[in-house]
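Sequences are here, hints too, so could you generate the full structure?
Number of protein chains: 2
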Amino acid sequence: MASMKDTIKSVAVDLFFRKGYYATSISDIARGCGIQKASIYYHFPGKEELLFSIMQSTMQDLLSSLENHLADASDIEGRMRAAIRSHVSFHLNRQKETFIATSELRGLTEDHLSVIVARRDDYERIFQELIRQGVDQGVYENCDMKILSYAILTLCTAGAFWFRPDGRLSVDEIADIYEKFVLNGLMAAQASRAFQQSPAEFATRT
Amino acid sequence: MASMKDTIKSVAVDLFFRKGYYATSISDIARGCGIQKASIYYHFPGKEELLFSIMQSTMQDLLSSLENHLADASDIEGRMRAAIRSHVSFHLNRQKETFIATSELRGLTEDHLSVIVARRDDYERIFQELIRQGVDQGVYENCDMKILSYAILTLCTAGAFWFRPDGRLSVDEIADIYEKFVLNGLMAAQASRAFQQSPAEFATRT
DNA sequence: GTCTATAATAAGATAGAC
DNA sequence: GTCTATCTTATTATAGAC
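Residue numbers (the working numbering), protein chains in the order written: chain U, 1 to 206; chain A, 1 to 206.
Derived from the structure by calculation, the hints contain no laboratory data. Just so we're clear, the structure is a prediction, and the values are computed from it rather than from any experiment. A few of these clues could be false.
Identical copies go unnamed one by one, so any copy, or any two together, can satisfy a pair.
[Claimed, not checked] Heads up, simulated EDC-like pairs for lysine to aspartate or glutamate below, C-alpha to C-alpha not over 16 Å straight-line:
#: 1; residue 1: 146; residue 2: 176
#: 2; residue 1: 146; residue 2: 173
#: 3; residue 1: 180; residue 2: 144
#: 4; residue 1: 19; residue 2: 110
#: 5; residue 1: 47; residue 2: 75
#: 6; residue 1: 37; residue 2: 48
#: 7; residue 1: 19; residue 2: 104
#: 8; residue 1: 146; residue 2: 77
#: 9; residue 1: 5; residue 2: 104
#: 10; residue 1: 37; residue 2: 176
#: 11; residue 1: 37; residue 2: 166
#: 12; residue 1: 180; residue 2: 166
#: 13; residue 1: 146; residue 2: 122
Structure (structure tokens):
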């Protein structure tokens, strides 16, 4: 049974996703909950705190999901695959929240923004570390880790912008496509270079 | 010599980029231009029309840039490279406008939104056509064209979100990284598959 | 914990003089 | 083409009763 505080949060998620943070008023949220707008302020100090609360629990769960997925994988390729699958499926399964967390950072106060950005940086660092390990082990081509980690994450994050739960492709199918594209992208040059250097040795690895 | 209309537009671009569309008031823009806020309304019917004007000229120039870059390339790989370079360099060189055009769609009325989205769809279709031609000619692996075109475009568009003109990497260096990652991503599976099927023939193509 | 009523503020936009 | 002055409206947030 959901508390009113949870109801408010969930109605806010729905409205922020559909209309945007600025276009959603406290009255809109109250109407969605079936209460008066003044009652919102009993549960949250203000509109911005409500946004912050949404973003914080989203980032928390995003990080947990990544840790859970990584726990099941051991070698570097498996770990990268697990990380991408976690990232993609979280962003599609919790589309509304991830959409908000990505697109409404402008709505946060400076203090709250720095908390969320710090969490996001922690999250990105895990991906950068995965790329670095892959490069160290010679599985991926040497590359600019920061730029590529942004590229990989953004690419999958964008799913939250166009995904339709009742659309042509399921979450798993989309995760497959992204997983393949990113892994290919990271490994391709390595593969072709290895082939050029030593086709025989390359063949044993394929 | 810039007209006041151009000045207003350029000040608005700067403020929308730095503070966001909703957080920027007509008064802010007027102050940036050194005029009174009522004077803005002589040049633009309202704040939303100003945003629309910025987005429309940005999309126009984005499309022109792509056409110019494509005119110089002939084969499919060269055309894809040219398209990616055009996309990346435009988004970094005109960072403020492309950032706004990407992140402030929520600020448009329904009518204006549909105009911009239609232009964006035209633009995306050119990339989808490039991918399709590459697949037809066997240069790229068969793939989901819509999803991959979103992936490629978003990945590069995201540059406008983190790029620093005075940062570590130049526009050209970033374009190089993206060009390589995307091309590798599109061709990788094809390359390794070709090698598995016929290593000798593959070698002649490398 | 929710209500009614209202304060406080700020924004987009217009009227009309110069 | 720009100004001063003002209108209109909407929003966040608070006070205080129940």
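Up to 16 Å CA-CA - residue 104 versus residue 5, copy category: Intra 21 Å, inter 30 Å, cutoff 16 Å: neither.
Intra- versus inter-subunit Cα pairing at 16 Å for residue 37 with residue 166: Classified as neither; 33 Å inside a copy, 46 Å across copies.
Alpha-carbon proximity context of residue 19 and residue 110, limit 16 Å: Intra 23 Å, inter 12 Å, cutoff 16 Å: inter-copy only.
Same-copy or cross-copy closeness of residue 146 to residue 176 [CA-CA at most 16 Å]: Classified as between: cross-chain Cα gap 15 Å, same-chain 24 Å, threshold 16 Å.
16 Å Cα threshold - placement of residue 173 relative to residue 146: between (27 Å within a copy, 13 Å between copies)
Intra- versus inter-subunit Cα pairing at 16 Å for residue 37 with residue 176: So residue 37 and residue 176 fail the 16 Å test inside a copy (44 Å) and across (52 Å) alike.
Alpha-carbon proximity between residue 180 and residue 144, which holds within one copy, between copies, both or neither at 16 Å: The answer is between: 12 Å across copies meets 16 Å, while 20 Å in one copy does not.
16 Å Cα threshold - placement of residue 75 relative to residue 47: neither (45 Å within a copy, 54 Å between copies)
Copy assignment of residue 146 with residue 77, given that the CA separation must stay at most 16 Å: neither (19 Å within a copy, 26 Å between copies)
Alpha-carbon proximity context of residue 146 and residue 122, limit 16 Å: within (13 Å within a copy, 31 Å between copies)
Homomeric proximity label, residue 37 with residue 48: Cα distance no greater than 16 Å: within (15 Å within a copy, 28 Å between copies)
Up to 16 Å CA-CA - residue 104 versus residue 19, copy category: Both: 11 Å inside a chain and 12 Å across chains, each within 16 Å.
Taken one by one, the earlier hints fail for this structure at numbers 5, 8, 9, 10, 11 and 12, listed in ascending order.
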